[in-house]
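For the protein sequence lines, the chains are X and V, in the order given.
Residues are numbered in our numbering as their position in the first sequence, beginning at 1, plus a constant of 520.
Residues are numbered in our numbering as their position in the second sequence, beginning at 1, plus a constant of 420.
Warning: the hint list may mix true and false statements.
As the list claims (entries may be wrong) - Derived list of chain X stretches under chain V, where covered just means 3 residues or more per stretch with a C-beta under 8 Å from a C-beta of chain V:
#1 527 to 533
#2 545 to 553
#3 583 to 590
What the hints assert, rightly or not - Label pairs and their in silico Cβ distance ranges:
#4 V:V426 to X:T573: 51 to 59 Å
#5 X:K580 to V:E517: 19 to 27 Å
#6 X:T573 to V:N649: 48 to 56 Å
Unchecked claim - No more than 16 Å apart at the CA atoms, straight line, and that leaves these computed lysine to aspartate or glutamate pairs for EDC-like:
#7 X:K547 to V:E472
#8 V:K662 to X:D561
#9 X:K547 to V:E665
#10 V:K473 to X:E598
#11 X:K545 to X:E529
Hints in this document: simulated from the structure, not taken from any laboratory.
Backbone N, C-alpha and C fix where the C-beta goes; we use that ideal spot for every residue, glycine too.
The residues making up each chain are set out below.
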Amino acid sequence: MRELIIRREKTLIISCSTERGVIKKVKISGDFFAFPEGSIDKLERELIGKKVTDVEEIVKSSLRRCVLVGVSLEDIVEALKRITQPL
Amino acid sequence: MRLLLVSGDAKFNMALDEALLELISLGRSEPAIRFYRFSPTAITIGYFQSIEKAVNLRKALSLGIDVVRRPTGGGAVLHDEKGELTYSIVVPEIPGEEVEKSFRRICLGVVLTLEELGLEASFVPINDVIVSGRKISGSAQTRRRGFILQHGTILYNTDLELMQELLTPPTEKLLEKGVSSVRGRVTTVSEQLGREVSFDEVLSAAIKGFSRALGEELVPSNPTEDELNLTSELERKYGSEKWNEMR
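Modelling step: build the complete structure from the supplied sequences, incorporating the hints.
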């Protein structure tokens, strides 16, 4: 699993593994707030098996009703894009 | 508002906080505020934290300190049985109010508690209260059906060395704040007053401080049967590996 840490007002840590451009595993963690909390669990489930090129669309759609505090939706998109880029 | 003063271990404390949010948000319980401690000393981690990244698990295990995931976001906390008072409150959301403003509104109770103890404190966004530039209280929230559960700490005599050994914040976060350790950016009521204060003294100040902040009397009360039954159910979740190790 690759890991990326982004620091804003709070910290966002994304761990992710991909295979041939498809997300196999992903964990979004950190000391931020998100309401409702379950929307981050749901996003993780929705990312599995998806193409890395579709990350932005999935995050924006999945978190459209989620209120994030300490990190932003753009931070999550940016982190996922960076971590899924080929080495 | 009802005032509940029951304390327990980490899983009981988190279970009762969630039970209060659930039942109050369903209209089956009246709003309530709790002041409590963790017996025995425990660590709680934020809903989204990775247990391995946030806590020195080997050290916690060797000291027999439980680590329990909270229903709320935010960071890891050491709840020192002999040095920390926790508050928790369930209040309605104000439509359109930003999260940071709600933290500020509810943290006024912490600021006034510290004022009752003779300290000048201020709220610092997102969720901290500081005295003399150092953190003395942190809070966290979750929300359900238009109600907010906010709980947080008041460090009155916490073992800050132990806190530093057990919690493992990313180094850069401390460097950004211009200090080299947890110890350097956190303080306690006892440290600030230059004398050892007791739980009861802080409790008495907290009852006055929150009562002033809320503009209402806090009426000593016991959890309802409904609340205790749901707490027992939820304790299973907070005691499970599935919940505590989910990240």
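A quick look at each hint next to the structure:
1. 527 to 533: Result for this restraint: holds, n = 5.
2. 545 to 553: Coverage by chain V holds for the segment 545 to 553 of chain X (7 residues, Cβ < 8 Å).
3. 583 to 590: With 3 residues close enough to chain V, the hint holds.
4. V:V426 to X:T573: 51 to 59 Å: holds, 53 Å
5. X:K580 to V:E517: 19 to 27 Å: Holds, since K580 of chain X and E517 of chain V (Cβ atoms, about 25 Å apart) stay within the stated range.
6. X:T573 to V:N649: 48 to 56 Å: Since the Cβ atoms of T573 of chain X and N649 of chain V sit about 50 Å apart, the hinted range of 48 to 56 Å holds.
7. X:K547 to V:E472: Answer holds: K547 of chain X to E472 of chain V is near 13 Å, not above 16 Å.
8. V:K662 to X:D561: OK: K662 of chain V and D561 of chain X at ~14 Å, within 16 Å.
9. X:K547 to V:E665: holds, 12 Å
10. V:K473 to X:E598: Between K473 of chain V and E598 of chain X the Cα gap is close to 22 Å, so the pair fails against 16 Å, i.e. violated.
11. X:K545 to X:E529: violated, 26 Å
The structure fails hints 10, 11 (numbered hints given earlier, in ascending order).
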